[in-house]
Amino acid sequence: MTRLTLPVSDRDHRQGNHDAPLTLVEYGDYECPHCGRAYPIIKKVQERLGERLCFVFRNFPLNESHPHAEHAAEAAESVGAHGGEKAFWAMHDLIFEHQRSLEDAALGRLAAEAGVAAPAVLDDFGTARFRDRVREDFMSGVKSGVNGTPTFFINGVRYDGYWDEEHLVGELEETLAHLA
Amino acid sequence: MNQLSHPLPAGTPAPNFTLWATPDQKLSLEELRGRLVVLVFYPADWSPVCGDQLGLYNELHSEFHRLGAEVIGISVDGVWCHTAFREERHLHLTLLSDFEPKGALASQYGVYREADGTTERALFVIDREGIIRWSYLSPVGVNPGADGILEALESLQHPAVAGETRSVP
Numbered sequence: 001m002t003r004l005t006l007p008v009s010d011r012d013h014r015q016g017n018h019d020a021p022l023t024l025v026e027y028g029d030y031e032c033p034h035c036g037r038a039y040p041i042i043k044k045v046q047e048r049l050g051e052r053l054c055f056v057f058r059n060f061p062l063n064e065s066h067p068h069a070e071h072a073a074e075a076a077e078s079v080g081a082h083g084g085e086k087a088f089w090a091m092h093d094l095i096f097e098h099q100r101s102l103e104d105a106a107l108g109r110l111a112a113e114a115g116v117a118a119p120a121v122l123d124d125f126g127t128a129r130f131r132d133r134v135r136e137d138f139m140s141g142v143k144s145g146v147n148g149t150p151t152f153f154i155n156g157v158r159y160d161g162y163w164d165e166e167h168l169v170g171e172l173e174e175t176l177a178h179l180a
Numbered sequence: 001m002n003q004l005s006h007p008l009p010a011g012t013p014a015p016n017f018t019l020w021a022t023p024d025q026k027l028s029l030e031e032l033r034g035r036l037v038v039l040v041f042y043p044a045d046w047s048p049v050c051g052d053q054l055g056l057y058n059e060l061h062s063e064f065h066r067l068g069a070e071v072i073g074i075s076v077d078g079v080w081c082h083t084a085f086r087e088e089r090h091l092h093l094t095l096l097s098d099f100e101p102k103g104a105l106a107s108q109y110g111v112y113r114e115a116d117g118t119t120e121r122a123l124f125v126i127d128r129e130g131i132i133r134w135s136y137l138s139p140v141g142v143n144p145g146a147d148g149i150l151e152a153l154e155s156l157q158h159p160a161v162a163g164e165t166r167s168v169p
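Protein sequences, first through last, are from chains V and X. Going by the working numbering, the residue at position 1 of the first sequence is 1; the numbering climbs one at a time, nothing skipped. Going by the working numbering, the residue at position 19 of the second sequence is 19; the numbering climbs one at a time, nothing skipped.
Just so you know, these hints were derived from the structure itself, not from any lab. All figures in this text were calculated on a predicted structure; none of them were measured in a lab. Among the hints, a few may not be true.
[To be verified] Among chain X residues calculated to face chain V with C-beta under 10 Å, some are:
hint, residue
1, Glu31
2, Gln53
3, Glu63
4, Arg89
5, Glu100
6, Ala104
7, Glu114
8, Asp116
9, Val140
10, Val142
11, Asn143
12, Pro144
[Said to hold, decoys possible] Label-pair ranges, simulated between beta-carbon atoms:
hint, chain 1, residue 1, chain 2, residue 2, range
13, V, Tyr162, X, Gly11, 36 to 46 Å
14, X, Pro101, V, Leu179, 29 to 39 Å
15, V, Val169, X, Ser47, 24 to 34 Å
16, X, His6, V, Glu165, 20 to 30 Å
17, V, Asp132, X, Thr22, 50 to 60 Å
18, V, Gly126, X, His90, 41 to 51 Å
Glycine is no exception: its CB is placed at the ideal position from the N, C-alpha and C atoms.
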């Protein structure tokens, strides 16, 4: 059984009830088409589980196959740092909704839409500030057995099953039932 | 078909090899003595799982470098196939061709799939003296990730613990 080596904490971007009995962690790459496919599925899963679920997104950019993935990840982190968690999640959503055009200028426009002025985000690309953060996410994934994107962990255990809405909800509900 | 592979276990001297790395260059294991070596046997260039697996190791290039390890991919594909694959995927890893006689090296390491004519998906971490210190056989369709390799390499970082051996889980 492969487990999350870096526990979910205040360092993470968490959406939903922080004290929820279920935590779903996604290691994702903003330019990965599979993660793009997972994005609306996670939304539905969140809707269905409501207060019972906390969702966490960590970066796992595969830069050699996805040339814009690193900057997209850094841009989301930068927006979060400048504009707060709400802005981070707005940026996270906007990036997945505009996956096909993620060059720097486009990321700047999305940042502005998420509420953070583009120059603030674009200037951060030159610094190590968010690169280090993204790398920390990435390495925590590697050490937890992430082997591609998206990789999910449910309450700290890697989930290797299908990640369509029904399977994910089913697995989460089963996990919940075992907690009771 | 159901014949199980038995990868050489920890503690075994790693069989030497000299294989084509590029169309005009060969590489021997002996040349890498003094460095940590990770051998990544994989079934084929271009198949989706291998691509992801090697892509992941590619991303970890700087991490492996920091740990003093050379990561080498090995399959039965020919050297021109490897060249095209490496270029297309922007791979920085050395890829060796276990092409003629086909699968000879994989057989020596106990990871040749006779029925398929390809290698298993198997990992070996070899220490500075050429001894296998960790080996792992993954189901052929499953990307084994990098956590096991990194753990093995980290355990070989300090001479004080170099006497320990690790075995396949």
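Hint by hint, here is what the structure shows:
no., hint, in the structure
1, Glu31, "violated, 26 Å"
2, Gln53, "holds, 7 Å"
3, Glu63, "holds, 7 Å"
4, Arg89, "holds, 7 Å"
5, Glu100, "violated, 30 Å"
6, Ala104, "violated, 29 Å"
7, Glu114, "violated, 27 Å"
8, Asp116, "violated, 22 Å"
9, Val140, "violated, 14 Å"
10, Val142, "holds, 8 Å"
11, Asn143, "holds, 4 Å"
12, Pro144, "holds, 7 Å"
13, V:Tyr162 to X:Gly11: 36 to 46 Å, "holds, 39 Å"
14, X:Pro101 to V:Leu179: 29 to 39 Å, "violated, 56 Å"
15, V:Val169 to X:Ser47: 24 to 34 Å, "holds, 31 Å"
16, X:His6 to V:Glu165: 20 to 30 Å, "violated, 42 Å"
17, V:Asp132 to X:Thr22: 50 to 60 Å, "violated, 35 Å"
18, V:Gly126 to X:His90: 41 to 51 Å, "violated, 23 Å"
In this structure, the hints that do not hold are numbers 1, 5, 6, 7, 8, 9, 14, 16, 17, 18, in rising order.
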